[in-house]
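In order, the protein sequence lines correspond to chains H and Y. Taken in order, the first sequence gives residues 128 to 652; the numbers are from our numbering. Taken in order, the second sequence gives residues 5 to 402; the numbers are from our numbering.
Read the hints as simulated data drawn from the structure, not as lab findings. Check the hints yourself; a few may be wrong.
[Unchecked claim] EDC-like, lysine to aspartate or glutamate: derived pairs with alpha carbons at most 16 angstroms apart:
| id | chain 1 | residue 1 | chain 2 | residue 2 |
| --- | --- | --- | --- | --- |
| 1 | Y | K312 | Y | D362 |
| 2 | H | K306 | Y | D35 |
| 3 | H | K333 | Y | D366 |
| 4 | H | K333 | Y | D362 |
[Said to hold, decoys possible] Selected chain H positions facing chain Y (Cβ under 7 angstroms, derived; list incomplete):
| id | residue |
| --- | --- |
| 5 | K303 |
| 6 | S304 |
| 7 | Q305 |
| 8 | S331 |
| 9 | N335 |
| 10 | E360 |
| 11 | G448 |
[Claimed, not checked] Not close to chain Y: a few residues of chain H, all C-beta gaps over 10 angstroms, as computed:
| id | residue |
| --- | --- |
| 12 | V175 |
| 13 | L239 |
| 14 | P359 |
As the structure is a prediction and not an experimental result, all values here were calculated from the model. Even for Gly, the Cβ is constructed at its ideal location relative to N, Cα and C.
Letter by letter, the chains look like this.
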Amino acid sequence: MELFYIYSALLLVAASSLFSLCFQFQMLQQNSYYASRYFKWIKNSFAVTSVILSLLYFALTFLFTAKLYKYFFIFAAVLFVIRLLLMIRRTKKSIKPIVFTARVKRLFAAALLVLVLLTLLFALRKENISGQLAMLLILLLSSLTPLLCFLSLLICSPVEKAFNRYYINDAKKILKSQKGLIVIGITGSYGKTTTKFILNRILSEKYNTVCTPKSFNTTLGVVRTIRENIKPETQVFICEMGAKKKNDIKEICDIVNPKYGIITSVGEQHLETFKTLDNVFSTKFELLDSVEKNGGVCLASLDSPAICERAGKKPHALYIGKGTNYYTSDIKSSPLGSEFVLNIKDKRLPLRTKLLGAHSISDIMAAALLSNMLGVSDNDIIGAVASLTPHEHRLQLKSYINGSTLLDDAYNSNPVGSTEALKVLGSFEGMRKTVITPGMIELGDMEYEANFNLGKACAENADDIILVGKNYTKPIADAINETDFNTERLHFVSSFKEGLDIFLNYADKNSVLLIENDLPDNYLK
Amino acid sequence: MKINMAVFFGCRSVEHEVSIISAVQAMRAVDKEKYNVIPVYVAKNGTSYTGDRLFDIENYKNMESLLTTLHPVTLLRENDRVVMRFLDNKLFKKNEDKNIDICFPIVHGTNCEDGTLAGYFEYLGVPYISCDIISAAVGMDKKVFKDVLAAHNLPMLDCICFTAKEYRAKQKETLKKIKDEIGFPLIVKPVNLGSSVGISKVYEENKLAECIDLAVSFADKVLVEKAVENLREINCSVLGNTDECEASVLEEPVMSDDILSFSDKYLKGGKKQGGEKQGMASLSRKIPADLDSDKTNEIKDLSKRIFKALGCSGVVRIDYLMNDKTGEVFANEINTIPGSLAFYLWRESGIEYKELIDRLVDTAFYRQRKRDNLTFVYESNILESANIGGAKGTKGKL
Numbered sequence: 128m129e130l131f132y133i134y135s136a137l138l139l140v141a142a143s144s145l146f147s148l149c150f151q152f153q154m155l156q157q158n159s160y161y162a163s164r165y166f167k168w169i170k171n172s173f174a175v176t177s178v179i180l181s182l183l184y185f186a187l188t189f190l191f192t193a194k195l196y197k198y199f200f201i202f203a204a205v206l207f208v209i210r211l212l213l214m215i216r217r218t219k220k221s222i223k224p225i226v227f228t229a230r231v232k233r234l235f236a237a238a239l240l241v242l243v244l245l246t247l248l249f250a251l252r253k254e255n256i257s258g259q260l261a262m263l264l265i266l267l268l269s270s271l272t273p274l275l276c277f278l279s280l281l282i283c284s285p286v287e288k289a290f291n292r293y294y295i296n297d298a299k300k301i302l303k304s305q306k307g308l309i310v311i312g313i314t315g316s317y318g319k320t321t322t323k324f325i326l327n328r329i330l331s332e333k334y335n336t337v338c339t340p341k342s343f344n345t346t347l348g349v350v351r352t353i354r355e356n357i358k359p360e361t362q363v364f365i366c367e368m369g370a371k372k373k374n375d376i377k378e379i380c381d382i383v384n385p386k387y388g389i390i391t392s393v394g395e396q397h398l399e400t401f402k403t404l405d406n407v408f409s410t411k412f413e414l415l416d417s418v419e420k421n422g423g424v425c426l427a428s429l430d431s432p433a434i435c436e437r438a439g440k441k442p443h444a445l446y447i448g449k450g451t452n453y454y455t456s457d458i459k460s461s462p463l464g465s466e467f468v469l470n471i472k473d474k475r476l477p478l479r480t481k482l483l484g485a486h487s488i489s490d491i492m493a494a495a496l497l498s499n500m501l502g503v504s505d506n507d508i509i510g511a512v513a514s515l516t517p518h519e520h521r522l523q524l525k526s527y528i529n530g531s532t533l534l535d536d537a538y539n540s541n542p543v544g545s546t547e548a549l550k551v552l553g554s555f556e557g558m559r560k561t562v563i564t565p566g567m568i569e570l571g572d573m574e575y576e577a578n579f580n581l582g583k584a585c586a587e588n589a590d591d592i593i594l595v596g597k598n599y600t601k602p603i604a605d606a607i608n609e610t611d612f613n614t615e616r617l618h619f620v621s622s623f624k625e626g627l628d629i630f631l632n633y634a635d636k637n638s639v640l641l642i643e644n645d646l647p648d649n650y651l652k
Numbered sequence: 005m006k007i008n009m010a011v012f013f014g015c016r017s018v019e020h021e022v023s024i025i026s027a028v029q030a031m032r033a034v035d036k037e038k039y040n041v042i043p044v045y046v047a048k049n050g051t052s053y054t055g056d057r058l059f060d061i062e063n064y065k066n067m068e069s070l071l072t073t074l075h076p077v078t079l080l081r082e083n084d085r086v087v088m089r090f091l092d093n094k095l096f097k098k099n100e101d102k103n104i105d106i107c108f109p110i111v112h113g114t115n116c117e118d119g120t121l122a123g124y125f126e127y128l129g130v131p132y133i134s135c136d137i138i139s140a141a142v143g144m145d146k147k148v149f150k151d152v153l154a155a156h157n158l159p160m161l162d163c164i165c166f167t168a169k170e171y172r173a174k175q176k177e178t179l180k181k182i183k184d185e186i187g188f189p190l191i192v193k194p195v196n197l198g199s200s201v202g203i204s205k206v207y208e209e210n211k212l213a214e215c216i217d218l219a220v221s222f223a224d225k226v227l228v229e230k231a232v233e234n235l236r237e238i239n240c241s242v243l244g245n246t247d248e249c250e251a252s253v254l255e256e257p258v259m260s261d262d263i264l265s266f267s268d269k270y271l272k273g274g275k276k277q278g279g280e281k282q283g284m285a286s287l288s289r290k291i292p293a294d295l296d297s298d299k300t301n302e303i304k305d306l307s308k309r310i311f312k313a314l315g316c317s318g319v320v321r322i323d324y325l326m327n328d329k330t331g332e333v334f335a336n337e338i339n340t341i342p343g344s345l346a347f348y349l350w351r352e353s354g355i356e357y358k359e360l361i362d363r364l365v366d367t368a369f370y371r372q373r374k375r376d377n378l379t380f381v382y383e384s385n386i387l388e389s390a391n392i393g394g395a396k397g398t399k400g401k402l
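The shape of chain Y in the complex, shown without the other chains (with noise of 0.2 angstroms):
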């Protein structure tokens, strides 16, 4: 028997292309011996879809012509299994239910990675990859990841942080204390979207309120921080479940600019190979990063810590900013679904795409295992031998 493992992505997020190639790679990946991948695409309006023309990144070209041949569809849970129900079914042209053993979910931003997918996974009660709700949740609010690494001792740069509204009804005073307690050049970015989107650094005071109006069109809540000199990023994956896990080698991306851009992420990056993008694998980039292995180590071991900080499963990607002059490091950004999975680094640490997968499998039942040890549903009912109005209450007969 193959375990059937249903693979998420799209989504109602800015980065639904690259959550797109990021699938595609992943499918083309997975052990077809072991596992029966069936693709669900969730559209930018939220449907659901199946169908085997997603497997191809080609048909994604043009998207009207590809939605008509896919099949909506919706997860349900049936007894003990969940089961993936078609909703085109007519009377005589029917598709079977499809037993789900396992979800994969290969999202990127809002409405999806933040936790929202899993929240979803946990209610219909079904194995999954990737990092709970918590952690997931953590991972997405940049001021919330920042508390928790204060919380835990773990190194990061401290904020500003505001809402659109507050910013709006006390603009000069907001802007006097970034003045006063950042200072230029500073990083104004909203907290909760990835992949750069919205990310400004600025140099001077009169740049300031045009790069905040910008980061407050992409989302409510805005954060200030100081632009680390002598700038190198250097970026970790850890995998593994919060009990084990293990760092990957150091990346240090190559900029073409003083941060990295959405431009440099994923459309730079687009040089035709085979005829398919490649997004954050093909990024230029340095791997592994050069650093000593004092440093290295370092970055590694505080990678582990933030991992288990936050309670993270699956494959994660943290991103540093390390001053190159000083030495010091600073925990950026999680991603709790990195682009591509991370897959490049683990390659260079040995694991093959098609076994990295095999072991985010073994986290996600792990997980569960873990999960059906502890008690969630009491088998006996109280409701059986309670006396409902009655004067004792619920301490009725056994």
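Bound-form chain H, shown alone (with noise of 0.2 angstroms):
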């Protein structure tokens, strides 16, 4: 009976820690499996949940040690349902729930591995002071979950490892083996994949093209955008390029050798790993120094002001926008849309678009501009620019519950682009204006300043304000509390759900929400 109590609750804790792994493996999954930044986010988001379950284990093992066994068992089916209990309220709450990739299962199978080579070792050596060890150590892996998850990660490290190793070499085979092939690399902190997507569209009035999708801008992305999408006819590859640390430029463009280049901008994004804006320059212009290497020409935007105070030191791009042969002049922005003239030389281009705000104005430029390079007519860049459609999520215009307008901006989450939704807020004149966000990360030192003037932004653009989260939000509060906004129509909440249903209560045909800058789970707090 005593070894049915044992392995029945050996059980019962293997299965409630996999339930665990569910929600630990989602957050690391959503910090791009980096362990440094899953770990810095347990530190931010420790809650008194993990405390509780942590003395409960702690009971757990001492009832195993004082060989209270029927209890030891009682003990870990309660454990059991509260884990799963809470799984079922995590998942329901989710907004980007899990994916079971590969290598999500690979991680689950390690984390199985371990349970299951400790319980035999418990089973074998039971009485000696190993197997004794062994079962405190699957309780205390059980009660810090994180820890395991951990485990699986580095015992799965090496296989992950020789599984790139393979993947990145079979994409340099395709590229290689695809004759005359165009590719096009676009990085910036801010601006790529609207600017990917219009290049995109444009080009494909003239060639074959195939580009990243949604916002795959990883080594591992782009490898499999091209081991997955191109095809033997294939004539343009449009390459997203993203960095959140030195050189991450470099290792992509040593896979696809990009001839074409645009650098949409410099600014505050993941600072946190950068330290410098000076690092984040010469990073981006990584794409710069591959593309000249391969002979080709790298277009860089000085709308960016980061990018025009350091033009100097890299004389060879191809730098479009105000001061150069290649600008946007009269400009006339609407709610609906813009109108505006691309200057090539001499050449004036006149211009349509629906996309929203001056950004885009600046992403059509330099779309517009590498399509002429690459002999695209002005007629088909004419059409093609005014078919352009805002992607999802992106300063998206929608017609909303019991007739009111959503600006959907959700997957926004840089400070220009953020100045400029609520610019375009500001424009619907005579609405009720509504926004709610959780505010920007990632900016390092300038995190406090660049939500301190979302938040002036906010106050000056819109009628109420819904901030999710308390403690992420409040350089945002801070700058609220310091106008003369009308504090009783700034409202905190915990969940975007929460802060939809205030909104919910007044929407009609004159109010108008934008949404922010929604992020996933693991920075609601």
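Two independent chains are provided; combine them into the complex using the hints.
Written out as structure tokens, the structure is:
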């Protein structure tokens, strides 16, 4: 009977730790499988529930060492139920659920392996110290699932490395076999995804194009796109390149060897890892270095102040925007879009777009110029730009419940874009303007300042402000409190759903809601 | 990487053999550096086959033995790719699925050229050469073709059109109407067959009923139009897509009879050259047609307008009837997949067959890109938020 209790309890403990692992792996996935970023998230999201859970596990350990096996079993069952309920609640609240990729499955397998091995050790050497230790280790790992999560990551790392090496070589081989393929790299602190989609749309007038989907922009995202999407007829590959640290861009460039490049902007994104804007600048301009090596052309936008200040350091880029031969003028904007003229040396190209905000015009300029260089006709450029529609969640104008208007900018999280989005919100004159936002993250030392500025822009342009998560949004609230904004119309909520409910109370045809930067769960607190 | 190109030919059509000749010619001309040609032969019973022996015209002489060496196949869509699957796979003798990047139909006549194959490719979502469903269908039906030209004020001959049933029910009235409104000599033809099958020229009343009977045995719908006097036939090919196209030099087929017959088009042309039938390419004809430059340009311009009016794509050949005395020109018919793909006209226009095929491939991908830029499937799923059976209907929450 004793043995039955022990093993049943063990089974329950193992199962409940797998429930918890589900959540841990989800967070690990959202932190791109970086252990450091994952642990930082754990540090930031320390919750009372974890303390209570640890205490419960402590009690469980005590019951086991005291040889009270029956109670040990009952306690394990209780814990099993608690963890199951916790998991169900978390899945329901989740905005970006875990994706069961092959990698996640391997992680689960590794975790299971650890638990099974420890159980075996216990079963074989029950009375010995090593058997007892194995049991204690199982209980410890189950109570501190992040530790088990980390252990799985560690076990899997050599396997993952081998897989990655194979994928990268395969991608290189595919690109090599594609004769005459034009590869275009796009990077920048912000605007790169939008620029990529615009460029893809314009170039598709003339070429068979493939671009990295969504905001895929890591080495492995790029490699996956090459392996899955490049077809024999592909003539142009547009590759978005993201960087969180130095050499990230170079690493992607070494795989794809871009002949053309666009550097949209240099800004405060990921300053936590970059430390200084100079580092961001030199990392983004790794694209220029690679393009130069391949004998091509790399555009860089002087509309970004940080590039403008440092342009002298990299004289070989083709600078565009204010003060160059390539710029936009005669801009007329409304809540429904903009009209402007693109000047290419002496040529004036009149363009019209439904995309909102001044930053979109800058993105269109870079894409249209490169398309012009690649031989797309003026009429095709004009037509393609006019047909552009905002991408899902990127300052997208939609009709919403009860005839209200929704400005969906959920995927944006950069200071320039969010200020622009609020200006667009402000342009809806005569309507009740609401903004809901959790603020911006990963801006390092600039985070406070950037969010503070966002707060000022909110107070200037919105009638109602809904802030999601009290801790992260403090800088925004600080800024708002400095203005004469009526604090009764400033709301704090703990989730988007709650925030939406506030808006839905008064949503009608005269109200407009801006959703600004809807982050994955791991920052919602 | 080479582009996998599936060449479709044969099919359940009276022009089955003609299609084989056109396809074998084209497969020889394809640039092997760029394309990996996969022949897909659709037998007369409708079964599709592939196999290496399909590249050589000699092998078609003994059809039975050819079929035994081929593999039955089918195309299907898997995720975002279209693959060709072998239907005779055994456990230890398995042919891997082949990705199909582009389909190239070289088929003539009903059940294929009339938009049927285009519809199949659209359904699969694979890029394909040649006209889309609607232009191919309009091109196949001579009456609808006339109606579309009339709507665009393009020159064609007025006609009387009736179904077999209508004719049988009111034979006398119909014959009288034809005599009064059209007059002799006149042409009787089925509305939907190419290659002159079932067409006859009627000079006198007592032959009319006989010729109509012949025509209704080939098609359910028949049309009767006035025969053009002082007739010269002029053909022009158009290459491109609805947004941009160009016209080839003109040709004038040399007639042995009053109208270019099936035997003129395909049987007499069978002068052996390297043991291969030459199809349309070998017909006796004058290229370029002996016309002054004004008339030539008029017909070329007309051809491009017709091409755009129908919304064509790929390469087509438009056949005209011309009254040599008055200079009047009437569009007679359009071949949305012309015999030999009219390569002999393009060669004279400075485009070799190999390049012609490259250009055709471009038109296919161009059309595909235009479609991809439109929205067909919305990413968001209305069902996710719909409260089925609830009081609110589809006006659920976001």
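Hints versus structure:
no., hint, result
1, K312(Y) to D362(Y), "21 angstroms, violated"
2, K306(H) to D35(Y), "14 angstroms, holds"
3, K333(H) to D366(Y), "10 angstroms, holds"
4, K333(H) to D362(Y), "15 angstroms, holds"
5, K303, "10 angstroms, violated"
6, S304, "5 angstroms, holds"
7, Q305, "6 angstroms, holds"
8, S331, "5 angstroms, holds"
9, N335, "5 angstroms, holds"
10, E360, "5 angstroms, holds"
11, G448, "27 angstroms, violated"
12, V175, "32 angstroms, holds"
13, L239, "30 angstroms, holds"
14, P359, "4 angstroms, violated"
Hint violations for this structure: numbers 1, 5, 11, 14, all remaining hints satisfied.
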